[in-house]
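Participant: On the provided structure of chain A, position chain B as indicated by the hints.
If you want the building blocks of each chain, they are given just below.
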Amino acid sequence: MDEKVKVYSTPSCPFCSRAKQFLKDNNIEFENIDVSADKAAGQEMIDKSGQMGVPVLDIEGEIIVGFDKEKISKALGL
Amino acid sequence: MYDLIIIGAGPAGITASVYAAREMMNLLVISKDVGGQAALSGDVENYTGYQFITGPELAAKFEEHMKKYAVAFKEDEEVKGFKREDDIILVRTDKGAYQAKTVIIASGKRSKELNVPGEAKFKNKGLTYCATCDGPLFKGKDVAVIGGGNSALDATLQLTKIANRIYLINITGELTADAMVQQKVKENQKVSVLNNTQVSAVFGDKMVNGLKVKTKGLEKTISVQGVFVEIGLIPNSEFTEGIEKNEQGEIKVNCHNETNISGIFAAGDVTDVPEKQIIVAAGEGAKAALGAFKYLSRKK
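These protein sequences, in sequence, are chains A and B. Counting from 1, one number per residue, gives the positions in the first sequence under our numbering. Counting from 1001, one number per residue, gives the positions in the second sequence under our numbering.
Extracted from the complex, chain A is given alone in its bound form (with noise of 0.2 Å):
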């Protein structure tokens, strides 16, 4: 599989830890994007999901707000 996925997210969310867990553990490459750290990167998570709250998933251009389970298995063909 080579799809393209961010994952935008802080350190201090659980909800973040588990979305990139439930990641690897499907053996998911993906890149993860701290935006605590990087404001452009916050920025370009709240024009793309239009919202602020983490984590958001961009899986091939295709937004999922919070770790929700189901949707990104959908995305990425699990």
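What the hints contain is simulated information worked out from the structure, not anything from laboratory work. Ideal placement from N, C-alpha and C gives every residue a C-beta, glycine not left out. Accuracy of the hints is not assured; some may be wrong.
If you anchor each label on the Cβ, the simulated ranges turn out as follows [unchecked claim]:
id : chain 1 : residue 1 : chain 2 : residue 2 : range
1  : B       : ASP1086   : A       : ASP47     : 54 to 64 Å
2  : A       : LEU78     : B       : SER1262   : 34 to 44 Å
3  : B       : GLU1219   : A       : GLU29     : 49 to 59 Å
4  : B       : LYS1068   : A       : GLU29     : 22 to 32 Å
5  : B       : THR1215   : A       : GLU60     : 45 to 55 Å
6  : A       : ASP47     : B       : ALA1120   : 19 to 29 Å
7  : B       : LYS1121   : A       : GLU60     : 27 to 37 Å
8  : B       : GLU1174   : A       : ASN27     : 46 to 56 Å
9  : B       : GLU1113   : A       : LYS69     : 19 to 29 Å
DMTMM-like cross-link-like pairs, simulated, lysine to aspartate or glutamate; straight-line CA separation at most 20 Å [what the hints assert, rightly or not]:
id : chain 1 : residue 1 : chain 2 : residue 2
10 : B       : LYS1186   : B       : GLU1057
11 : A       : LYS69     : B       : GLU1078
12 : B       : LYS1139   : A       : ASP25
13 : A       : LYS48     : B       : ASP1205
14 : A       : LYS74     : B       : GLU1113
15 : B       : LYS1080   : A       : ASP25
16 : B       : LYS1212   : B       : GLU1113
17 : A       : LYS24     : B       : GLU1064
18 : B       : LYS1067   : B       : GLU1023
19 : A       : LYS20     : B       : GLU1057
20 : A       : LYS71     : B       : GLU1078
21 : B       : LYS1067   : A       : ASP25
22 : A       : LYS20     : B       : ASP1076
23 : B       : LYS1061   : A       : GLU60
24 : B       : LYS1300   : B       : GLU1085
25 : B       : LYS1220   : B       : ASP1205
26 : B       : LYS1141   : A       : GLU70
27 : B       : LYS1080   : B       : ASP1205
28 : B       : LYS1068   : A       : ASP25
29 : B       : LYS1095   : B       : ASP1033
30 : A       : LYS71     : B       : ASP1033
31 : A       : LYS24     : B       : GLU1247
32 : A       : LYS24     : B       : GLU1057
33 : A       : LYS69     : B       : ASP1033
34 : A       : LYS69     : B       : ASP1076
35 : A       : LYS24     : B       : GLU1063
36 : B       : LYS1161   : A       : ASP34
37 : B       : LYS1252   : B       : GLU1219
38 : A       : LYS20     : A       : ASP68
39 : B       : LYS1032   : A       : GLU62
40 : A       : LYS24     : B       : ASP1033
Facilitator: Quick look at chain B alone, frame taken from chain A:
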């Protein structure tokens, strides 16, 4: 058929799972999340053995401990109801149904809402119930924290490291948080405490721009880009039909963690046990698991 189903995987549920696993009970844990309110806490400095640990780190330690015993775990699954038929308890979730001889309800609490205009509209658009999760997005911004207890002041202290200015909006005449935390907040130049103040609306455009508040009848607006609601918690007990609860909706338990229905136990923040602390919830979880184990031994 399981010996035990534990509903919830916060400090109470996870500790119960460790004790039950060590009694070699055949068990299943069902939970929406892992770590519960503990995972949403900022700095934890009163869990014995750890002089300092963050909430998410402590929650990760709890999970690791549970996984050591290879406990069957259904995550992201919500219990919708249960009923007792003879000696079997049927547990119904949003994804399936299970049977057990005993159940421990450890479903914890969740954030209370403000119930004012604009709250639903701006949820996650500047308004949040989790300072630990979403706080870092408010770097250099002006924000408001609503509440006056420990969780509100905990959020305020976290935000002093991130935000530009913090308005702490407290409905009563005085803050109720621990004295040491209050002192830290009052000494911080970035924080303005507004006592006797009630939020009447949240407003904005696409994202939050401000709050309408009322101080002793006097209305004014405060310009903020972030609103952190920390006005307390309500028990996740709506699904527990037939179980006795107090006026706050907390499940009544005796000192053995038994509810009014035999074979059904409860532990942690969802119960009427006083003091909602991580260490108290963990201890109650241990008691409930041992109680369930002894209950089954007696039945044999």
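Participant: Does each hint fit the structure? Answer for all of them.
Facilitator: Each hint tested on the structure:
1. B:ASP1086 - A:ASP47: 54 to 64 Å: Since B:ASP1086 and A:ASP47 have Cβ atoms about 58 Å apart, the given range 54 to 64 Å holds.
2. A:LEU78 - B:SER1262: 34 to 44 Å: holds, 42 Å
3. B:GLU1219 - A:GLU29: 49 to 59 Å: holds, 53 Å
4. B:LYS1068 - A:GLU29: 22 to 32 Å: holds, 28 Å
5. B:THR1215 - A:GLU60: 45 to 55 Å: The hinted range 45 to 55 Å holds for B:THR1215 and A:GLU60, with Cβ atoms some 50 Å apart.
6. A:ASP47 - B:ALA1120: 19 to 29 Å: holds, 22 Å
7. B:LYS1121 - A:GLU60: 27 to 37 Å: Given range 27 to 37 Å: holds, Cβ gap about 30 Å.
8. B:GLU1174 - A:ASN27: 46 to 56 Å: Holds - the Cβ-Cβ distance for B:GLU1174 and A:ASN27, about 54 Å, lies within 46 to 56 Å.
9. B:GLU1113 - A:LYS69: 19 to 29 Å: Taking Cβ atoms as reference, B:GLU1113 and A:LYS69 lie about 25 Å apart, which means the hint holds.
10. B:LYS1186 - B:GLU1057: violated, 28 Å
11. A:LYS69 - B:GLU1078: Holds, at about 13 Å.
12. B:LYS1139 - A:ASP25: At roughly 32 Å apart (the allowed maximum being 20 Å), A:ASP25 and B:LYS1139 break the hint.
13. A:LYS48 - B:ASP1205: Holds, at about 17 Å.
14. A:LYS74 - B:GLU1113: violated, 31 Å
15. B:LYS1080 - A:ASP25: violated, 28 Å
16. B:LYS1212 - B:GLU1113: holds, 16 Å
17. A:LYS24 - B:GLU1064: The given pair, whose Cα atoms are some 16 Å apart, holds under the 20 Å limit.
18. B:LYS1067 - B:GLU1023: holds, 15 Å
19. A:LYS20 - B:GLU1057: Since the Cα atoms of A:LYS20 and B:GLU1057 sit roughly 15 Å apart, the hinted pair holds (cutoff 20 Å).
20. A:LYS71 - B:GLU1078: holds, 17 Å
21. B:LYS1067 - A:ASP25: holds, 15 Å
22. A:LYS20 - B:ASP1076: Within the cut-off at roughly 15 Å; holds.
23. B:LYS1061 - A:GLU60: This hinted pair is violated, its Cα atoms lying about 33 Å apart.
24. B:LYS1300 - B:GLU1085: holds, 18 Å
25. B:LYS1220 - B:ASP1205: holds, 18 Å
26. B:LYS1141 - A:GLU70: Violated - the C-alpha atoms of A:GLU70 and B:LYS1141 are around 34 Å apart, more than 20 Å.
27. B:LYS1080 - B:ASP1205: violated, 37 Å
28. B:LYS1068 - A:ASP25: holds, 17 Å
29. B:LYS1095 - B:ASP1033: Distance ~15 Å between B:LYS1095 and B:ASP1033 Cα, so the pair holds.
30. A:LYS71 - B:ASP1033: holds, 16 Å
31. A:LYS24 - B:GLU1247: Distance ~44 Å between A:LYS24 and B:GLU1247 Cα, so the pair is violated.
32. A:LYS24 - B:GLU1057: holds, 19 Å
33. A:LYS69 - B:ASP1033: Satisfied, since the Cα-Cα distance of roughly 12 Å is no more than 20 Å.
34. A:LYS69 - B:ASP1076: This hinted pair holds, its Cα atoms lying about 8 Å apart.
35. A:LYS24 - B:GLU1063: holds, 17 Å
36. B:LYS1161 - A:ASP34: holds, 17 Å
37. B:LYS1252 - B:GLU1219: Given that 20 Å is the threshold and the Cα spacing comes to 41 Å, the pair is violated.
38. A:LYS20 - A:ASP68: Roughly 12 Å between the alpha carbons, so the hint for A:LYS20 and A:ASP68 holds.
39. B:LYS1032 - A:GLU62: Not OK: B:LYS1032 and A:GLU62 at ~24 Å, beyond 20 Å, violated.
40. A:LYS24 - B:ASP1033: Cα-Cα ~18 Å, so holds.
Hints 10, 12, 14, 15, 23, 26, 27, 31, 37, 39, counting from the list given before, are not met by this structure.
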